[in-house]
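Peer 1: Here is how the chains run, residue by residue.
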Amino acid sequence: MADTVETGMIGVDARPARRQQWEKWLIRGIVAAVLLRLAMLMGLSAFFEDLGSVGDWLVEGLPWLCLAVGAAALLPNLSSGIRLQGNRLANHVVGWGIGTALLLIMYFFGPQIQPALSFMGRSARVLVEFTGNQGLFLAAMTALVALSLAVIGSEGQLLHRPGLFERVWAKNLTAKIAAVPMMLVALGVFTGGTIWTVVYSFTDSRLLPREKWVGLAQYERLWGEDRWLISIENLLIYGVCSLVFSIVIGFMLAAMLDQKVRFENTFRTIFLYPFALSFIVTGLVWQWVLNPDFGIQGVIRSLGWESFTFDPLYNQDIVIYGILIAGLWQGTGLIMCLMLAGLRGIDEEIWKAARIDGIPMWKTYLFIVIPMMRPVFITTLVLIASGIVRVYDLVVAQTSGGPGIASEVPAKYVYDKMFLGQNLAQGFSASTMMLLSVLIVLIPWAYLEFGGKERTRRASDV
Amino acid sequence: MASVVVRDVSLNFGVVEVLKSLNIEVNQGEFLVLLGPSGCGKSTLLNCIAGLLEVTDGQIFINGKNVTWEQPKDRGIGMVFQSYALYPQMSVEGNLSFGLKNQRLPADEIASRVKRASEILQIEPLLKRKPMALSGGQRQRVAIGRALVRDVDVFLFDEPLSNLDAKLRNELRIEIKRLHQKLENTMIYVTHDQIEAMTLADRIAVMRDGIIQQLDEPQAIYSRPVNRFVAGFIGSPGMNFMEGTLEVSGSPKVKVGDATIDAKGYDFDKKPEAGQKVVFGIRPEHVMIGEMAKSMPYTSEVEIEIVEPMGSDTLSWTKLGGQNFTFRIDSEYAPKEGEKVKIGFDPARASIFDANTDIRL
Numbered sequence: 001m002a003d004t005v006e007t008g009m010i011g012v013d014a015r016p017a018r019r020q021q022w023e024k025w026l027i028r029g030i031v032a033a034v035l036l037r038l039a040m041l042m043g044l045s046a047f048f049e050d051l052g053s054v055g056d057w058l059v060e061g062l063p064w065l066c067l068a069v070g071a072a073a074l075l076p077n078l079s080s081g082i083r084l085q086g087n088r089l090a091n092h093v094v095g096w097g098i099g100t101a102l103l104l105i106m107y108f109f110g111p112q113i114q115p116a117l118s119f120m121g122r123s124a125r126v127l128v129e130f131t132g133n134q135g136l137f138l139a140a141m142t143a144l145v146a147l148s149l150a151v152i153g154s155e156g157q158l159l160h161r162p163g164l165f166e167r168v169w170a171k172n173l174t175a176k177i178a179a180v181p182m183m184l185v186a187l188g189v190f191t192g193g194t195i196w197t198v199v200y201s202f203t204d205s206r207l208l209p210r211e212k213w214v215g216l217a218q219y220e221r222l223w224g225e226d227r228w229l230i231s232i233e234n235l236l237i238y239g240v241c242s243l244v245f246s247i248v249i250g251f252m253l254a255a256m257l258d259q260k261v262r263f264e265n266t267f268r269t270i271f272l273y274p275f276a277l278s279f280i281v282t283g284l285v286w287q288w289v290l291n292p293d294f295g296i297q298g299v300i301r302s303l304g305w306e307s308f309t310f311d312p313l314y315n316q317d318i319v320i321y322g323i324l325i326a327g328l329w330q331g332t333g334l335i336m337c338l339m340l341a342g343l344r345g346i347d348e349e350i351w352k353a354a355r356i357d358g359i360p361m362w363k364t365y366l367f368i369v370i371p372m373m374r375p376v377f378i379t380t381l382v383l384i385a386s387g388i389v390r391v392y393d394l395v396v397a398q399t400s401g402g403p404g405i406a407s408e409v410p411a412k413y414v415y416d417k418m419f420l421g422q423n424l425a426q427g428f429s430a431s432t433m434m435l436l437s438v439l440i441v442l443i444p445w446a447y448l449e450f451g452g453k454e455r456t457r458r459a460s461d462v
Numbered sequence: 001m002a003s004v005v006v007r008d009v010s011l012n013f014g015v016v017e018v019l020k021s022l023n024i025e026v027n028q029g030e031f032l033v034l035l036g037p038s039g040c041g042k043s044t045l046l047n048c049i050a051g052l053l054e055v056t057d058g059q060i061f062i063n064g065k066n067v068t069w070e071q072p073k074d075r076g077i078g079m080v081f082q083s084y085a086l087y088p089q090m091s092v093e094g095n096l097s098f099g100l101k102n103q104r105l106p107a108d109e110i111a112s113r114v115k116r117a118s119e120i121l122q123i124e125p126l127l128k129r130k131p132m133a134l135s136g137g138q139r140q141r142v143a144i145g146r147a148l149v150r151d152v153d154v155f156l157f158d159e160p161l162s163n164l165d166a167k168l169r170n171e172l173r174i175e176i177k178r179l180h181q182k183l184e185n186t187m188i189y190v191t192h193d194q195i196e197a198m199t200l201a202d203r204i205a206v207m208r209d210g211i212i213q214q215l216d217e218p219q220a221i222y223s224r225p226v227n228r229f230v231a232g233f234i235g236s237p238g239m240n241f242m243e244g245t246l247e248v249s250g251s252p253k254v255k256v257g258d259a260t261i262d263a264k265g266y267d268f269d270k271k272p273e274a275g276q277k278v279v280f281g282i283r284p285e286h287v288m289i290g291e292m293a294k295s296m297p298y299t300s301e302v303e304i305e306i307v308e309p310m311g312s313d314t315l316s317w318t319k320l321g322g323q324n325f326t327f328r329i330d331s332e333y334a335p336k337e338g339e340k341v342k343i344g345f346d347p348a349r350a351s352i353f354d355a356n357t358d359i360r361l
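Here the protein sequences line up with chains A and B, keeping their order.
For the first sequence, the numbering used here gives the first residue as 1, with consecutive numbering after it.
For the second sequence, the numbering used here gives the first residue as 1, with consecutive numbering after it.
I should point out that these hints are in silico values taken from the structure, not numbers from a laboratory.
Just so you know, not all the hints are guaranteed correct.
Stated by the list, open to error - The calculated BS3-like cross-link candidates involving lysine-lysine, where the alpha carbons are at most 25 angstroms apart (straight line), are: (1) A:Lys352 with B:Lys319; (2) B:Lys340 with B:Lys319; (3) B:Lys73 with A:Lys260; (4) B:Lys340 with A:Lys363; (5) B:Lys342 with B:Lys294; (6) B:Lys340 with A:Lys352; (7) B:Lys115 with B:Lys73; (8) B:Lys182 with A:Lys363; (9) B:Lys270 with B:Lys294; (10) B:Lys182 with B:Lys115.
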């Protein structure tokens with residue numbers, strides 16, 4: 001027992017540096033392969049086509065070569081950790097290995113074997129199923145399982161630092177399996193879908209996507225359209241106002257509720273209640289409230305003030321503020337709840353200390369409490385911002401973009417072009433512009449947030 | 001001259017009476033410790049003095065001025081909290097100067113006060129750091145500094161050492177004592193730790209259920225507790241309590257089971273009555289064994305049941321007069337379990353309480 005531990009200890013010292021080297025190369029290989037493949041798709045292949053058959057081979061083969069280099073880097077790393085002899089999962093490894101071999105045989109020799117198995121009747125035809133690419137895929141999967149089992153089984157023998165393979169496969173296996181659907185969705189829908197959208201925004205696709213490249217023509221058209229420009233302007237007004245007012249009103253409500261008022265729960269429920277309604281219902285409700293004949297204007301006129309006018313939804317200049325009111329009414333309650341939770345997280349002794357120091361309440365909020373609530377503010381900021389960019393249903397329910405096109409928003413523009421106007425590429429280019437504007441905000445913020453942390457850590461080390 | 005006077009102060013939260021008509025006078029330059037178990041109202045009393053809680057009834061004077069309805073900042077106090085309560089987004093310097101800037105003091109005055117406080121507390125190298133980058137002890141030092149720069153006469157400490165580990169607590173305890181010697185300010189200090197109370201205090205107020213049980217110098221509280229609660233709360237391990245009856249034939253004697261303890265030399269506060277039910281208390285560290293026991297006025301032979309070695313001392317459990325009895329002696333002379341030893345003590349150092357009222361006789 002002591003022996004194994006001791007050899008293991010030596011392994012700990014000798015291994016990691018080399019291991020990390022290999023892992024680095026694996027990751028580099030994969031990244032290079034993906035980038036190359038993308039570049040080929042985007043038109044780099046044309047550059048190689050002049051080279052004839054060698055060029056063809058490069059177009060198809062170069063990414064795979066990168067992948068192979070990466071995989072080759074992994075092999076020596078893995079093999080150094082694996083001992084089949086004395087491996088506690090040796091039988092399983094051999095079993096999966098045999099499975100791999102069988103699948104490979106079927107892939108290569110399926111059609112030849114089939115006649116020999118004629119006594120099995122029609123069921124022998126199943127073999128054919130394994131002769132295509134799917135057979136190769138299955139063989140690769142079983143080989144991978146065999147390999148990982150070998151690694152897992154030998155883990156107890158060498159007390160080395162787990163390598164990439166073990167970390168990926170052996171640790172928290174159940175959790176990882178459970179996360180697979182989510183990862184697939186994230187990769188497929190978010191990444192894949194995004195890339196697909198961007199790529200096809202450079203085509204002239206109309207009802208169906210097709211690969212006829214037109215460069216930036218769709219974008220030129222987009223920025224020449226009044227409807228898009230008004231959408232952008234509306235989004236800016238709506239975004240800035242709803243950001244500012246949501247945070248200010250939400251925080252003020254939270255600060256008031258934090259003064260240990262009576263019936264706090266009741267107030268909280270009242271303020272949060274609109275959040276339980278969908279944007280469609282909110283939009284309809286506020287359409288009625290702001291209706292000149294039945295809503296606020298009608299009520300006040302019936303009270304005798306005949307000249308009173310308040311009809312934002314029917315006035316092109318201020319219609320977006322009518323939508324803003326409904327959005328604020330719906331969303332502020334949630335912001336208030338988040339802020340209240342943040343306020344409750346502040347140590348009461350901070351308040352006491354500020355009172356002893358004689359700091360007025362507004363200054364305590366501004367200079368001490370709000371800076372301490374930074375994480376809450378970031379959460380609310382993300383929530384509000386994502387709500388702003390995707391604002392769509394509220395507009396549809398309240399004004400359908402009217403009067404005229406005065407209350408159009410980008411999300412509605414995208415939907416209309418893609419599904420109503422049968423102009424896919426135009427919709428794609430609009431959504432790419434939306435993505436771009438989000439990135440322009442997001443990237444500097446990420447640098448600020450994560451770059452900043454690095455700096456403070458270094459400062460505290462000194 | 002009295003620096004802080006608390007006169008008939010009561011505080012109710014709804015129907016719960018937290019403080020019941022309290023009276024304390026703290027002298028100029030005195031170090032007063034409020035000691036008691038959790039929930040006894042000691043922190044509440046401190047918050048009332050600071051003005052963070054409004055009293056239901058009574059008055060509070062600081063330096064002869066009635067401050068009962070003054071804002072905390074106008075009372076001339078500085079306060080240090082258990083959780084430090086530093087402003088996390090400001091540097092140490094910012095923490096020290098933020099309150100002063102709000103008082104609109106001139107910049108050079110602020111700078112000189114911050115400099116003086118950081119010199120006294122030796123936190124000059126930390127001035128540019130954020131509280132996050134400080135250790136617990138350093139943070140508490142900054143918190144003390146924030147009270148120091150206010151240039152006030154009265155310091156209030158609300159369990160300032162409770163968040164620190166044992167070693168740091170001892171170090172900072174000595175520093176607070178040094179600070180008090182140097183500044184000669186009035187300090188009121190809340191704690192539930194009797195060691196802190198005994199080492200720091202000029203006077204200790206032992207509290208229970210919103211009432212001050214005893215307000216006296218540490219030694220007096222240790223040797224002449226006024227009631228059974230104080231006797232049991234002070235001292236570790238706790239005092240031995242044995243129930244018995246009083247006999248007054250000749251010199252007063254306490255009969256505990258089959259043992260009779262002659263209370264000759266005990267200074268009775270009240271005249272003892274024959275047949276009165278009493279509780280006889282003697283501290284474990286006042287019991288001697290072996291040769292030293294022989295010279296004591298009361299001796300007895302007991303069988304040791306359990307020994308608990310604690311390093312320097314050993315705590316031995318036995319029975320006296322049929323009731324549990326512990327004594328503490330130097331580990332060098334510690335008896336073994338099952339051994340029969342002679343023990344002895346001086347009843348003059350004991351405390352005798354009325355069994356019904358728990359008050360010292």
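Peer 1: Need the status of pair Lys352 of chain A, Lys319 of chain B: alpha-carbon distance at most 25 angstroms?
Peer 2: violated, 51 angstroms
Peer 1: Tell me if the straight-line CA distance from Lys340 of chain B to Lys352 of chain A falls inside 25 angstroms.
Peer 2: violated, 58 angstroms
Peer 1: Is the Cα-Cα distance between Lys73 of chain B and Lys260 of chain A 25 angstroms or less?
Peer 2: holds, 22 angstroms
Peer 1: Given the hinted pair Lys115 of chain B and Lys73 of chain B, is their alpha-carbon gap at most 25 angstroms?
Peer 2: Roughly 22 angstroms separates the two Cα atoms, so the pair holds.
Peer 1: Does the alpha-carbon distance linking Lys182 of chain B and Lys115 of chain B stay inside the 25 angstroms limit?
Peer 2: Holds, because 16 angstroms separates the two Cα atoms, which is no more than 25 angstroms.
Peer 1: Keeping to a limit of 25 angstroms between CA atoms, is the pair of Lys182 of chain B and Lys363 of chain A held or broken?
Peer 2: Between Lys182 of chain B and Lys363 of chain A the Cα gap is close to 34 angstroms, so the pair fails against 25 angstroms, i.e. violated.
Peer 1: Would the pair Lys340 of chain B and Lys319 of chain B pass a check requiring their Cα atoms to be no farther apart than 25 angstroms?
Peer 2: holds, 11 angstroms
Peer 1: Can the restraint linking Lys270 of chain B and Lys294 of chain B be considered satisfied, given a maximum Cα separation of 25 angstroms?
Peer 2: violated, 30 angstroms
Peer 1: For Lys340 of chain B and Lys363 of chain A, compute the direct alpha-carbon distance and say whether it is at most 25 angstroms.
Peer 2: violated, 71 angstroms
Peer 1: Are the Cα atoms of Lys342 of chain B and Lys294 of chain B separated by 25 angstroms or less?
Peer 2: Given pair Lys342 of chain B, Lys294 of chain B holds - Cα atoms ~8 angstroms apart, limit 25 angstroms.
Going through the hint list in order, the structure does not satisfy hints 1, 4, 6, 8 and 9.
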